[in-house]
Amino acid sequence: MTLNAPLLTVNALNKYFGGMHAVVDLSFELYENECLGIIGPNGAGKTTLLNLISGVTLSTSGTMIFLGQAMEKKRSSQIARLGIARTFQHIRLFKQLSVLENITTAYDHEINYTLLEALLRTRRMKQEENKSYKASMELLDLFGMSSRAHHMASSLSYGDQRRLEIARALALKPRLLLLDEPAAGMNDAETRELLALLRWIQREFSLSMILIEHHLPFIMEFSDRLLVLNFGKLLAQGTPSQIRQDRRVIQAYLGEEEA
Amino acid sequence: MVSMLYALLGYFLSSMLNNQNLLQVKKTLEDHSSWFLKYRLLLLFGWLAVGSFLIPQFVNEYVTFVLISLVINTILCMSLNLVNGYMGEFSLGHAAFMALGAYSSTMLTLYITPSLPPLLLFPLAIVIGGLSAAIMSLPIALLSIKTRGDYLAVITLAFLMIVKSALENISSLGGTHGLLGIRGLTTLPWAYGCFLFTFWSLRNLLASKWGRSIRAIRDDEVAAEAIGISTRSLRIMTFVISSFFAGVAGVLFAHQIQFINPNSFNILKSTNILVMVYLGGVASLSGSCLGAGLFTLLYQLLQPLGIWRSVMMPLLLVLLMIFRPSGMMGFREWSWFSLTPAQNKE
Ligand SMILES: Nc1ncnc2c1ncn2[C@@H]1O[C@H](COP(=O)(O)OP(=O)(O)OP(=O)(O)O)[C@@H](O)[C@H]1O
Ligand SMILES: [Mg+2]
Chain Z
1 MTLNAPLLTV NALNKYFGGM HAVVDLSFEL YENECLGIIG PNGAGKTTLL
51 NLISGVTLST SGTMIFLGQA MEKKRSSQIA RLGIARTFQH IRLFKQLSVL
101 ENITTAYDHE INYTLLEALL RTRRMKQEEN KSYKASMELL DLFGMSSRAH
151 HMASSLSYGD QRRLEIARAL ALKPRLLLLD EPAAGMNDAE TRELLALLRW
201 IQREFSLSMI LIEHHLPFIM EFSDRLLVLN FGKLLAQGTP SQIRQDRRVI
251 QAYLGEEEA
Chain L
1001 MVSMLYALLG YFLSSMLNNQ NLLQVKKTLE DHSSWFLKYR LLLLFGWLAV
1051 GSFLIPQFVN EYVTFVLISL VINTILCMSL NLVNGYMGEF SLGHAAFMAL
1101 GAYSSTMLTL YITPSLPPLL LFPLAIVIGG LSAAIMSLPI ALLSIKTRGD
1151 YLAVITLAFL MIVKSALENI SSLGGTHGLL GIRGLTTLPW AYGCFLFTFW
1201 SLRNLLASKW GRSIRAIRDD EVAAEAIGIS TRSLRIMTFV ISSFFAGVAG
1251 VLFAHQIQFI NPNSFNILKS TNILVMVYLG GVASLSGSCL GAGLFTLLYQ
1301 LLQPLGIWRS VMMPLLLVLL MIFRPSGMMG FREWSWFSLT PAQNKE
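The listed protein sequences correspond, in order, to chains Z and L. Okay, so the first sequence: first residue is 1 according to the working numbering, each after it adds one. Okay, so the second sequence: first residue is 1001 according to the working numbering, each after it adds one.
Take the hints with a grain of salt, since some may be wrong.
[As the list claims (entries may be wrong)] Straight-line alpha carbon distances no greater than 25 Å define the calculated SDA-like cross-link-like pairs of lysine to any residue that follow:
no.: 1; chain 1: Z; residue 1: Lys131; chain 2: Z; residue 2: Leu120
no.: 2; chain 1: Z; residue 1: Lys74; chain 2: L; residue 2: Asp1219
no.: 3; chain 1: L; residue 1: Lys1038; chain 2: Z; residue 2: Arg124
no.: 4; chain 1: L; residue 1: Lys1038; chain 2: Z; residue 2: Leu119
no.: 5; chain 1: Z; residue 1: Lys173; chain 2: Z; residue 2: Leu120
[What the hints assert, rightly or not] Not the full set, but computed from the structure, chain L residues with beta-carbon under 8 Å of chain Z:
no.: 6; residue: Ser1201
no.: 7; residue: Leu1205
no.: 8; residue: Lys1209
no.: 9; residue: Ser1213
no.: 10; residue: Val1222
no.: 11; residue: Glu1225
no.: 12; residue: Ala1226
no.: 13; residue: Gly1228
no.: 14; residue: Thr1271
Treat the hints as calculated values from the structure; they're not laboratory data. Nothing here was measured: the structure is a model prediction, and the numbers come from that model. Using N, Cα and C, we set each Cβ at its ideal position, and we do this for glycine too.
Chain L on its own, in the form it takes in the complex:
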């Protein structure tokens, strides 16, 4: 009898211990997964950063070139998405801001301070390129508060034409021949670094009160004003920020191709960025990465088509606008990228 009681007691005790153990395990697992949840994006981007240094050592130059193009395209796509996707405008002039970044930074690396060590020169060029694009976008930003929709599309298109013909006619910028002999400063790690900077800035901006207000403007500008959002200054700010990153992409582009002329920044360039945005998805950073990735691949695969490739892209844009105007990831975000309100509670 006593031994049976002991046995029972032993059974209970051991099962309790077991339970405790199980709980313990479960708890460490949970700790582990919340730790993972918290740092997964950092891990991903960390690995990609390592990859950006290692990959060029193992693949040929063509692959590295395509990868750099992909990263530059992603920056362009995110920057245009801010205006077209998140704010709901339709800007056609993004190539112009790219051009401003490309030309201003090239002046720096080619003529003004070419003797600086690249490790100093290139960041300087990136900042100068971004800032000049941002400053030059101010007049357009100011016009954008007067007009919206179709009219803004026309105005930005006109701005692109003005920038292009100005570049063609300024002989110190090489005129129609453009600038040659630009140093190939854009490496994969530099491009990737700029991507990270763009991504982090935009993600944090969009998860702030400004981001909410930008999206509110897209949905209903009258209502946004009526709840106290000063839509004019916000639209100017958004436009300028977007242009800054387009300028940064321009810097990377110029120092990748090592040769720019006004024709590098024509309406087709703008169209390509639009295709990326509306392919990947409006108002989505993961959509932008996806769109830029797919576009870059497609663009390379269609290489054999030659001149017909330039027809395909606008055609693709038309098809997208008709059949899937918000793109694959439209208005959705990959959970790894999104910042939910709960994450504020750190």
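If we strip away everything but chain Z, and leave its shape as in the complex, we get:
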């Protein structure tokens, strides 16, 4: 944590689905290079919160400021290009695209050629294409998946699909990475591997993260700070050790497991 201005400031955020109040008056801040964990029981509004930040769903009211810009009315694609990337609770890869193309699509907004140049396949177009091809290959290499670059994304194992989704998010060169239950469906060994991968990502790419995870030891170990949600409300926030001792949290959430 630094004394700089926050990277992301969320203020009095609300989301209604019809009569259902899924996110209630939520306010928090996130700093550069910080990892913020979000926990809470099923249906607490964790995914909804990520959807609001990434613009996948529009908030009912409230403000979100990222790098000094108001985000609450922006479209998901604009937010992505401003530097917020995400993964999904249920994997959302481009199944019929190759592993490589899944990455390249995320690089594409950085490469620069016109539609006419694309239709004529000019030299510059090919150069730009090569740039994104190389960059994508490098990223795949870092993830140890370059040997499968030309396979369909749907042919990957579950764990690799999860990792590819993270790699695709990183291809956006984000300042903030949102991860929705990245360890869901993984066994202990895979989860440990994932933890190491996320650590490495944070070092290598120096970004902030918001991480949702049900696996408590994992998130307690990984997060600098935790938000605890319950019925869309912020129940508590603090460092992992503060959260462990918070009586309300123990009653509402941890209690089930530690009783």
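Guided by the hints, dock chain L with the ligands onto chain Z, whose structure is given.
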């Protein structure tokens, strides 16, 4: 002893030379094959171009007519495949864009500038036909970003009905009788030229970042947005481009049949294009060529069935959707047609 050494040396030398020769041969072979790899499609299309001029000299008019229909159908099929196959929408209104191209170009060749020499008039008609279809598709394209799936199918169907009844009620366009006496400007080389233009444009578009994004939208629109693809403008663009080529096909069609009326562009026409797409294969240009080819043949062979032919095609569509919804070449491309990333490195 010395002579034996000489013999050995000679043996080694000659074998080395031989090896060198072999390598040389192998290398020229490789050069040759990479040269072939690079230009094989150009060669194929070049020969076909020569064929498009020569074949009509040797075969009867019926065969030429069928060949022209085949080429027009291929253009239609590729253009619909862009929206239905690559982008994963379901448009039923393709006949409407064809109609817009057909009518607008006919106005040009019949009334506005009939005196221009054909070599100038027809390209102009093709461009005007394509552009008017593209422009008129904008409202539908704009609606398509609000709705998807079944709703878009209904909207495009409604658009087809609107275009058809509008044409029926505009007396200067011939009303229900349509336009007669259109000049037979569509020759096999012209049709083939338009095919080449369509094929090359779509192939290059699909091998660009836009092509990737279009396919990404088909697979997962939410994820596409989340990685920074502005899906709305891309969907509008794709729809407009597809309509342009449908309009071009309409121009060719009108100047082949030399007679158009609103009924030439009914829902059956749309159904036929759908059959071609889902027969040949979604998201595949070679599939489109295959689908259009098979369809054109089948359509001619089923001629004796008369009115029953119009039942067969929708039935075929139903069967395809049930048993093989992605078609023969679905999501695959013939290697001659595909542009791999490696080919960028020229
Ligand atoms: N699109 C939607 N329409 C209506 N209700 C929704 C929608 N999305 C979420 N909800 C509701 O909002 C509440 C919060 O859902 P959310 O998915 O954010 O929970 P979560 O904390 O991510 O739960 P989980 O741990 O199961 O993933 C739930 O009651 C859910 O039913
Ligand atoms: Mg969730």
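So, going through the hints one by one against the coordinates:
1. As the CA atoms of lysine 131 of chain Z and leucine 120 of chain Z are separated by approximately 18 Å, the hinted pair is consistent with the 25 Å bound.
2. Using a Cα cut-off of 25 Å, the hinted pair lysine 74 of chain Z and aspartate 1219 of chain L holds, with the two alpha carbons roughly 23 Å apart.
3. Annotation: proposed proximity of lysine 1038 of chain L to arginine 124 of chain Z holds, straight-line Cα distance about 19 Å (limit 25 Å).
4. Distance check on the hinted pair: lysine 1038 of chain L and leucine 119 of chain Z sit about 18 Å apart at the alpha-carbon level, within 25 Å; holds.
5. The straight-line distance between the Cα atoms of lysine 173 of chain Z and leucine 120 of chain Z is roughly 29 Å, outside the 25 Å bound, and the hint therefore fails.
6. The criterion of a C-beta within 8 Å of any C-beta in chain Z is met by serine 1201 of chain L, whose closest approach is roughly 5 Å, and the hint holds.
7. The closest approach between the C-beta of leucine 1205 of chain L and any C-beta of chain Z is roughly 6 Å, which is under the 8 Å cut-off, so the hint is satisfied.
8. Using the Cβ-Cβ criterion of 8 Å, the hint placing lysine 1209 of chain L at the interface with chain Z is satisfied: the shortest such distance is roughly 4 Å.
9. Evaluation of the serine 1213 of chain L hint against chain Z yields a held restraint, the C-beta minimum of about 6 Å falling below 8 Å.
10. A least Cβ separation of about 6 Å between valine 1222 of chain L and chain Z falls short of the 8 Å threshold, and the interface hint therefore holds.
11. With a least beta-carbon distance of about 4 Å to chain Z, the hint placing glutamate 1225 of chain L at the interface is held under the 8 Å criterion.
12. Hint status for alanine 1226 of chain L: holds, given a least beta-carbon distance of 5 Å to chain Z, under 8 Å.
13. With its C-beta approaching chain Z no nearer than about 4 Å, glycine 1228 of chain L sits inside the 8 Å limit, and its interface hint holds.
14. Interface hint status for threonine 1271 of chain L: violated, as the beta-carbon distance to the closest one in chain Z is roughly 25 Å, over 8 Å.
Figure legend: structure checked against the earlier numbered hints; hints not met, in rising order: 5 and 14.
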